[in-house]
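Using UniProt numbering, the first residue of the sequence shown is number 1, and each one after it goes up by one.
Just so you know, the hints here were simulated from the structure itself, not pulled from any lab data.
Since we're looking at a predicted model, the values are computed, not measured.
Don't take each hint at face value.
PhoX-like mimics (lysine-lysine), calculated; alpha carbons at most 25 Å apart, straight line [unchecked claim]: (1) K46 to K31; (2) K198 to K181; (3) K82 to K198; (4) K245 to K82; (5) K8 to K31.
Pair ranges (Cβ atoms, derived) [stated by the list, open to error]: (6) S191 to S133: 19 to 27 Å; (7) D237 to L160: 20 to 28 Å; (8) M183 to L160: 18 to 26 Å; (9) A230 to K28: 43 to 51 Å; (10) S223 to E17: 13 to 21 Å; (11) S191 to E247: 22 to 30 Å.
Idealized CB from N, CA, C, for every residue including glycine.
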Amino acid sequence: MYLASQRKEFILKTLAEHGAARTIALAKQMKVTDETVRNDLINLEKRGFLKRVHGGALALTHKSLHEDIVTQDDVSIRIAKKTVQNIPASVVMFIDSSTMGYQICNHINSKDTHVVSNNPTLLTRLEGIPNLSFYCTGGHFDREALVYVGQDAAKAAGSLSIDMVVLTPDCYSPKHGAGYKNMLQSEFIKSVIPADAKVIIAMPSTSVANNPAFYTVAPSQVSMLITDEALSPEMADQIEKSGVKVELA
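Turn these sequences into a full structure, and let the hints steer you where they fit.
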């Protein structure tokens, strides 16, 4: 019988290979109940890794599914497009792991861009884009967060001469900067940012608050925060006073 983290890894591997998977087949292969698989699919969909359909799930690399996602979250799409507008041509860029990161990858065009990430699923969004290359760090695989972390991952990212870092953290504080709920991810992000890299934060205004988190990227490291128009003027003023430019999408 598979552990929870192993089941999630098996499901994502199956989707990556076949594009779709049926609940009954997954349950039989992993020797668990249909209900266990359905709960796993619900959890993975909430985290942006797949799309549930009747009887199973689809990989997020399907064009029709991309179009479906676009209709569901206008705020994330506006933020993603604004972020892409701030990405120069011929840049080596790191993107972290989140649903917003997926949206950004959905809107990246070629620009001779080189994209680095510790999330292998996120990078599949970039397949087929001309004049664009993408690299996965490898390293220690965090089965819960489904990303690569640790010294080997950071070393691999550090060898790629990263010019820009696009972060989509769980929260942002004018005082503390960018924060993540996953400690391993937060430590990895802290170690992967070059001293001279431009750092952009892309996130919805609902996440701009002093929530409990592992804060690892100080405001002094951040060049720009891209968020939506619902950000209060008072909060925008606090952020800009810390030296971070605020762009509203």
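Proposed proximity, K82 with K245 (alpha carbon, max 25 Å): This hinted pair holds, its Cα atoms lying about 14 Å apart.
25 Å Cα cutoff - pair K46, K31: Measuring from Cα to Cα gives roughly 24 Å; hence the hint holds.
Satisfaction of the hinted span 18 to 26 Å by the C-beta atoms belonging to M183 and L160: With a Cβ separation near 24 Å, M183 and L160 satisfy 18 to 26 Å, so the hint holds.
Verdict for D237, L160 (Cβ pair) under range 20 to 28 Å: Violated: the Cβ-Cβ distance is about 36 Å, outside 20 to 28 Å.
Status of the given 13 to 21 Å range, CB of E17 versus CB of S223: 39 Å, violated
Whether the CB-CB distance between A230 and K28 falls inside 43 to 51 Å: 46 Å, holds
Agreement of K82 and K198 with the hint, judged by alpha carbon distance not exceeding 25 Å: 16 Å, holds
Hinted pair K8 and K31, Cα distance within 25 Å: Holds - the C-alpha atoms of K31 and K8 are around 14 Å apart, at most 25 Å.
Range hint compliance [Cβ, S191 to S133, 19 to 27 Å]: Since S191 and S133 have Cβ atoms about 23 Å apart, the given range 19 to 27 Å holds.
Straight-line alpha-carbon gap K198 to K181, limit 25 Å: Answer holds: K198 to K181 is near 23 Å, not above 25 Å.
Cβ separation of S191 and E247, checked against the hinted range 22 to 30 Å: 27 Å, holds
Going through the hint list in order, the structure does not satisfy hints 7 and 10.
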